[in-house]
Amino acid sequence: MSDLGQQYGSVTVLDRAPEETGLEHGEKVASRREDAASPGGPDALKYYLREIRKTPLLTFEEEQELAKRVARGDEDARARMIEANLRLVIVVGKRYINRGLPFPDIIAEGNLGLIRAVEKFQHQRGFRFSTYAWWWIRQSIERALVNQVRIIRLPVHVSEAVNKYTRAVRNLTLRLGRVPDAQEVAREMRISVHKVGVVSQHIRDVSSLDTPIGDQEEVTLKEVLSDENASSVNSHDDDSRQRHILEWISHLPSTERKVIELRYGLNREDPQTLISIGKQFGVTRERVRQIENQALD
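Add 421 to a position in the sequence shown, counting from 1, and you land on the number used in this note's numbering.
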């Protein structure tokens, strides 16, 4: 692996060692270990972006075949789907530049969402993978942004521990292909399992996109993070994607469909919080979250 590959982790997209499994290659492709602030970082990022463009996009038929193989546990197919969709992470991630995270970190968080999407994708529904993955990539990035905003408010020693925990979990997830347990995180961080539990509790305390802030309980961090000056350059792509999404959710049960429409501002509506949706349905915020997760699964 080149020096840039060692530094950035995912730049050597096309260089797979003969003995390397599809799982190992896919996780290497979707990982990054150093941000662009480190020596050579910007060059590594440029190289990464250039390399992932060399991977051909998948046709609908190829997606369907690979998804069937993934469902059977085929690691090469899993790696192929991840690799072929890394560009989608860049497209989604660009919308979150200058929101509090360096772009390489945005890419890394988006890649975690992409991996999750590959694992959860249900090809039987007959829709393009990019439509489904877009939800997971966006959710992963937004949660990382919210965590960063709230971590800033923590005491320095706590925020440093939370950042180390986040990096450890992210690296282990990419390395193992699953979410690590507390013991694995403890070994990675070289601290006790008890301390891992303490840090993870801080994460849970600050991680909700819908936790009210300020004096107005209807104002959430997700709303604060929204980009009011977003460019309309990609409006055509947005309209096309929304049509596909509306077609996809038309197959959902009516309650799940309505929750998704309200949550993500479909049908030209403004996105709504879990609290406001819960009031409309007469249920708790947590129940709305459960319905949303059921729809995405």
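Any given hint might turn out to be false.
[Unchecked claim] Listed next, the in silico EDC-like pairs over lysine to aspartate or glutamate satisfying Cα-Cα at most 16 Å (straight line):
1. 541 - 609
2. 541 - 713
3. 541 - 563
[Claimed, not checked] Label-pair restraints from in silico Cβ distances:
4. 622 - 675: 18 to 24 Å
5. 494 - 708: 29 to 35 Å
6. 481 - 541: 17 to 23 Å
7. 697 - 480: 36 to 42 Å
8. 521 - 470: 32 to 38 Å
Worth flagging that the hints you see were computed from the coordinates, not collected in a lab.
Even for Gly, the Cβ is constructed at its ideal location relative to N, Cα and C.
Hint check:
no.: 1; hint: 541 - 609; result: violated (27 Å)
no.: 2; hint: 541 - 713; result: holds (14 Å)
no.: 3; hint: 541 - 563; result: violated (19 Å)
no.: 4; hint: 622 - 675: 18 to 24 Å; result: violated (37 Å)
no.: 5; hint: 494 - 708: 29 to 35 Å; result: holds (34 Å)
no.: 6; hint: 481 - 541: 17 to 23 Å; result: holds (18 Å)
no.: 7; hint: 697 - 480: 36 to 42 Å; result: holds (40 Å)
no.: 8; hint: 521 - 470: 32 to 38 Å; result: violated (21 Å)
Checked against the numbered hints given earlier, the structure breaks hints 1, 3, 4 and 8 and satisfies all the rest.
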